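Undergrad: Taking the hints into account, I'd like the entire structure generated from these sequences.
Residue numbers (the working numbering), protein chains in the order written: chain A, 1 to 230; chain U, 1 to 230; chain E, 1 to 230; chain G, 1 to 230.
To be clear, the hints were calculated from the coordinates, so they are not data collected in a lab.
This structure is a prediction, so every number in the text was calculated from the model and none was measured.
Accuracy of the hints is not assured; some may be wrong.
Identical chains share a label here; the pair holds if one copy fits it or two copies do between them.
[Stated by the list, open to error] No more than 27 Å apart at the CA atoms, straight line, and that leaves these computed lysine-lysine pairs for BS3-like:
1) Lys157 to Lys108
2) Lys177 to Lys154
3) Lys221 to Lys64
4) Lys108 to Lys216
5) Lys137 to Lys216
6) Lys157 to Lys216
7) Lys64 to Lys137
8) Lys156 to Lys221
9) Lys137 to Lys108
10) Lys221 to Lys177
11) Lys221 to Lys157
12) Lys108 to Lys156
There are 4 protein chains.
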Amino acid sequence: MYKTLKEEAWEANMETLRLNLGIHTWCNVSAFDPAKGVFAIKPSGVSYEKLSADTMVVVDMEGKVVEGNLNPSSDTETHRVLYREFADIRGITHTHTPYATAWAQARKPVPVYGTTHADNVANTIPITLIMNAEEVKNNYEIETGNQIVNTFRKQKKDHNSITMVLVSGHGPFAWGKTAMQSVAQAAILEEICKIALFTITINPDALPLPDYLIRKHWERKNGPNASYGQ
Amino acid sequence: MYKTLKEEAWEANMETLRLNLGIHTWCNVSAFDPAKGVFAIKPSGVSYEKLSADTMVVVDMEGKVVEGNLNPSSDTETHRVLYREFADIRGITHTHTPYATAWAQARKPVPVYGTTHADNVANTIPITLIMNAEEVKNNYEIETGNQIVNTFRKQKKDHNSITMVLVSGHGPFAWGKTAMQSVAQAAILEEICKIALFTITINPDALPLPDYLIRKHWERKNGPNASYGQ
Amino acid sequence: MYKTLKEEAWEANMETLRLNLGIHTWCNVSAFDPAKGVFAIKPSGVSYEKLSADTMVVVDMEGKVVEGNLNPSSDTETHRVLYREFADIRGITHTHTPYATAWAQARKPVPVYGTTHADNVANTIPITLIMNAEEVKNNYEIETGNQIVNTFRKQKKDHNSITMVLVSGHGPFAWGKTAMQSVAQAAILEEICKIALFTITINPDALPLPDYLIRKHWERKNGPNASYGQ
Amino acid sequence: MYKTLKEEAWEANMETLRLNLGIHTWCNVSAFDPAKGVFAIKPSGVSYEKLSADTMVVVDMEGKVVEGNLNPSSDTETHRVLYREFADIRGITHTHTPYATAWAQARKPVPVYGTTHADNVANTIPITLIMNAEEVKNNYEIETGNQIVNTFRKQKKDHNSITMVLVSGHGPFAWGKTAMQSVAQAAILEEICKIALFTITINPDALPLPDYLIRKHWERKNGPNASYGQ
Numbered sequence: 001m002y003k004t005l006k007e008e009a010w011e012a013n014m015e016t017l018r019l020n021l022g023i024h025t026w027c028n029v030s031a032f033d034p035a036k037g038v039f040a041i042k043p044s045g046v047s048y049e050k051l052s053a054d055t056m057v058v059v060d061m062e063g064k065v066v067e068g069n070l071n072p073s074s075d076t077e078t079h080r081v082l083y084r085e086f087a088d089i090r091g092i093t094h095t096h097t098p099y100a101t102a103w104a105q106a107r108k109p110v111p112v113y114g115t116t117h118a119d120n121v122a123n124t125i126p127i128t129l130i131m132n133a134e135e136v137k138n139n140y141e142i143e144t145g146n147q148i149v150n151t152f153r154k155q156k157k158d159h160n161s162i163t164m165v166l167v168s169g170h171g172p173f174a175w176g177k178t179a180m181q182s183v184a185q186a187a188i189l190e191e192i193c194k195i196a197l198f199t200i201t202i203n204p205d206a207l208p209l210p211d212y213l214i215r216k217h218w219e220r221k222n223g224p225n226a227s228y229g230q
Numbered sequence: 001m002y003k004t005l006k007e008e009a010w011e012a013n014m015e016t017l018r019l020n021l022g023i024h025t026w027c028n029v030s031a032f033d034p035a036k037g038v039f040a041i042k043p044s045g046v047s048y049e050k051l052s053a054d055t056m057v058v059v060d061m062e063g064k065v066v067e068g069n070l071n072p073s074s075d076t077e078t079h080r081v082l083y084r085e086f087a088d089i090r091g092i093t094h095t096h097t098p099y100a101t102a103w104a105q106a107r108k109p110v111p112v113y114g115t116t117h118a119d120n121v122a123n124t125i126p127i128t129l130i131m132n133a134e135e136v137k138n139n140y141e142i143e144t145g146n147q148i149v150n151t152f153r154k155q156k157k158d159h160n161s162i163t164m165v166l167v168s169g170h171g172p173f174a175w176g177k178t179a180m181q182s183v184a185q186a187a188i189l190e191e192i193c194k195i196a197l198f199t200i201t202i203n204p205d206a207l208p209l210p211d212y213l214i215r216k217h218w219e220r221k222n223g224p225n226a227s228y229g230q
Numbered sequence: 001m002y003k004t005l006k007e008e009a010w011e012a013n014m015e016t017l018r019l020n021l022g023i024h025t026w027c028n029v030s031a032f033d034p035a036k037g038v039f040a041i042k043p044s045g046v047s048y049e050k051l052s053a054d055t056m057v058v059v060d061m062e063g064k065v066v067e068g069n070l071n072p073s074s075d076t077e078t079h080r081v082l083y084r085e086f087a088d089i090r091g092i093t094h095t096h097t098p099y100a101t102a103w104a105q106a107r108k109p110v111p112v113y114g115t116t117h118a119d120n121v122a123n124t125i126p127i128t129l130i131m132n133a134e135e136v137k138n139n140y141e142i143e144t145g146n147q148i149v150n151t152f153r154k155q156k157k158d159h160n161s162i163t164m165v166l167v168s169g170h171g172p173f174a175w176g177k178t179a180m181q182s183v184a185q186a187a188i189l190e191e192i193c194k195i196a197l198f199t200i201t202i203n204p205d206a207l208p209l210p211d212y213l214i215r216k217h218w219e220r221k222n223g224p225n226a227s228y229g230q
Numbered sequence: 001m002y003k004t005l006k007e008e009a010w011e012a013n014m015e016t017l018r019l020n021l022g023i024h025t026w027c028n029v030s031a032f033d034p035a036k037g038v039f040a041i042k043p044s045g046v047s048y049e050k051l052s053a054d055t056m057v058v059v060d061m062e063g064k065v066v067e068g069n070l071n072p073s074s075d076t077e078t079h080r081v082l083y084r085e086f087a088d089i090r091g092i093t094h095t096h097t098p099y100a101t102a103w104a105q106a107r108k109p110v111p112v113y114g115t116t117h118a119d120n121v122a123n124t125i126p127i128t129l130i131m132n133a134e135e136v137k138n139n140y141e142i143e144t145g146n147q148i149v150n151t152f153r154k155q156k157k158d159h160n161s162i163t164m165v166l167v168s169g170h171g172p173f174a175w176g177k178t179a180m181q182s183v184a185q186a187a188i189l190e191e192i193c194k195i196a197l198f199t200i201t202i203n204p205d206a207l208p209l210p211d212y213l214i215r216k217h218w219e220r221k222n223g224p225n226a227s228y229g230q
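TA: Structure (structure tokens):
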């Protein structure tokens, strides 16, 4: 019934393997169909060689499994909150890639040190606050989603131009207009975080790009007069 | 006679090659059969292309070779002590992976900086004391095993929930319910150590996760109500 | 009409993939034919599996597309300035490789710490100034080219012996006598930058090589009495 | 005439490619036949796909090419000095691997931080002095060899137990009982240097192993009562 959506989710999950975004089963990707009000997500803890489109789990917006015999990813509820609150996204990728996870563990947002970052995100990569004991006691995975959303709202950030976030002490989430695009964004985030770590190793006092350069690169690739791409 | 056990040991040793856990012949993995009171281990210094299930060496709990024509791994006695003292484990992996070995050489335990660590181990990765001259003069490989066991006992740590350790100045050992699982744990330890090094490079004052977050992630994946996996 | 030139450009672009010089479509390489006054360059944002010699875009020295249906790389105007001002080069490669980009983001020139560097460039790798707001408002890609050229002129550097540069806050450009050679230079720059970062990590007070050693290595490989190669 | 020797040299050079010990043509390996008083070495600057046993260059102990149509490696004279002075070695590998080269550029010997190092070398990895202007003016490649030899003699080091060295500001040389073994040693040196850099990043005050542990590991693998290997 959700054949296309499950294929999209499966292909995007396999892409994380090709792009080397994690060991074991540490990535999860989902694909959202807003018309049907469901998303397809990787089953929890299943190795890549056993994955197929058929093993994907379809979950509705109340969090109920509507197709599939396996348990969905343990981060399913976080994906659900993001699809509900960032209503125009269609795919989400969560990884534990080493450089992005290290910035999350260091509890530091990633400044825009260069055009590689500005080509893709015109702002500091935001980071959530570390969750308090009360929030963890409630539904933890929902709270993770809430923290991401609240971070964007409090900082008045736009999830369409900032398509990635660090969850403090945990790791990165990225999203996009398709599941496959969210994987590409996760790979970009890892690269930005890697180069940023190298940058501050060379120069601990490295400065962010001036705003006019950030805007220029962002608009070149993403603005209404973007010249990048076809 | 020990065909299945030797196959299990051989396959797990080959997995260290696939997961890129060491150059040359720097890894050794063993598989334990408690019913027969023996374990199968990689022969010492034999290249992977010459390894087969038949070349595995079977050793009993007195340290006697009971099957196989080759010398067992030089770390065999350490494996033997661990199987004797941590009686419910079934596989052990020793590597010299660069990040885990660096923490061992730095003689520092690895704090729980994030959920990647807490998903797998709910504690600081323990490290032994550096061995003194007297201990080295005795049977060194047995002493290495004793040091690991004593570290767990003195710190009242549970080897079933902390399935890995750093031997000070030496490198990592990891174990599991199967030989293959011990290899997976060794890969996880390397990833934890890599991300921890990056974390303190970004923020030398990085804090460990609060306890409630450590417990939450650990229990999600390992507790009696674990939601992770199938 | 420009078949050979487009094939040269395409093959050099594919070489960046083989040498692992960037994720997604973050590299661009061009090949110049001074007799015809045109260069062929990668189309903007097209994935490598869709690239072929036919998809390359041919641009003349006024910046007009003279063959090809796709948009050329967003950095085309920078390539054009370099071909105009460094008239004897025949290929240019731009990447966002992590170590070279980190030095660019740290806004630091790369000292000649060793013979690996001196074998290839007998000088500090130069870096442009960070562009000011006025320059960005004008044609940004042309200004990037101008900044590179001005950096070489002000510092009285020779673009034939220093075949690479860092654009401040952005990343590296490299060039050569062929498009393929410019890719090789980009790979060399990344290796030099990687080793330099490791060098200052080990010894923050590392000294550059003495001049007589720099000259010796440079001349061994590049001088009139070069002994290197066939 | 020197067919076997050239095959040995060629296979060992190809092994540097398989072990990923350098980009482009930055490695050179030679194989020595003391009975015939010649060694076979890689030709200078020839890409790996064009190498074959036939392209190896055979050089005698006066430095004269006795077989082969190509120029030998630019480091040939350094190899010659080492074969003359360290008369029992049979193979030499020179690389520019990033971690070993970084220690050479940082002009720091590599302390024995752990057993990975002690298993292979029971001493600090020695480093030459930076060459002075006078020495460079003479035959530079011979002086490089002389500096290595003098470093060992002054420090009373044994080239049979310390099979590797860093040339200050330049990079590593390693040797062995065969050409292939010298490549293995070069890979070991890179791994030791990588782990040492990580070690001091984690703990800038990291201590070397105590002597009794260094000796234990060295003798386990290399002493008269070595238990390692078959």
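Undergrad: All hints, please: hold or fail.
TA: Right, here's what the structure says about each hint:
1. Proximity of Lys157 to Lys108 under the C-alpha cut-off of 27 Å is restricted to the intra-copy arrangement: shortest distance 17 Å within a copy versus 32 Å between copies.
2. Within a single copy, Lys177 and Lys154 get their C-alpha atoms as close as 24 Å, which meets the 27 Å cut-off; across copies the closest is 46 Å, which misses it.
3. Proximity of Lys221 and Lys64 under a CA criterion of 27 Å is satisfied inter-copy only: 21 Å between copies versus 38 Å inside one chain copy.
4. Taking the shortest Cα distances, Lys108 and Lys216 sit within 27 Å of each other both inside one copy (25 Å) and across copies (22 Å).
5. Within a single copy, Lys137 and Lys216 get their C-alpha atoms only as close as 44 Å, which misses the 27 Å cut-off; across copies the closest is 8 Å, which meets it.
6. For a Cα distance limit of 27 Å, the shortest separation of Lys157 from Lys216 inside one copy, 19 Å, qualifies, whereas the shortest one across copies, 29 Å, does not.
7. For the homomeric pair Lys64 and Lys137, the shortest alpha-carbon distance inside one copy (21 Å) is at most 27 Å, but the shortest distance between copies (52 Å) is not.
8. Taking identical chains as interchangeable, the C-alpha atoms of Lys156 and Lys221 lie at most 27 Å apart only when both belong to the same chain, with a minimum of 22 Å there against 34 Å between chains.
9. With identical chains, the CA atoms of Lys137 and Lys108 are at most 27 Å apart within one copy only, with a shortest distance of 25 Å there and 32 Å across copies.
10. In the homo-oligomer, the alpha carbons of Lys221 and Lys177 lie at most 27 Å apart inside one protomer (16 Å), although the nearest pairing across protomers, at 31 Å, exceeds that limit.
11. Taking the shortest alpha-carbon separations for Lys221 and Lys157, only the intra-copy value of 19 Å comes in at or below 27 Å, while the best inter-copy value is 33 Å.
12. With identical chains, the CA atoms of Lys108 and Lys156 are at most 27 Å apart within one copy only, with a shortest distance of 18 Å there and 34 Å across copies.
The earlier numbered hints are all upheld by this structure, with none contradicted.
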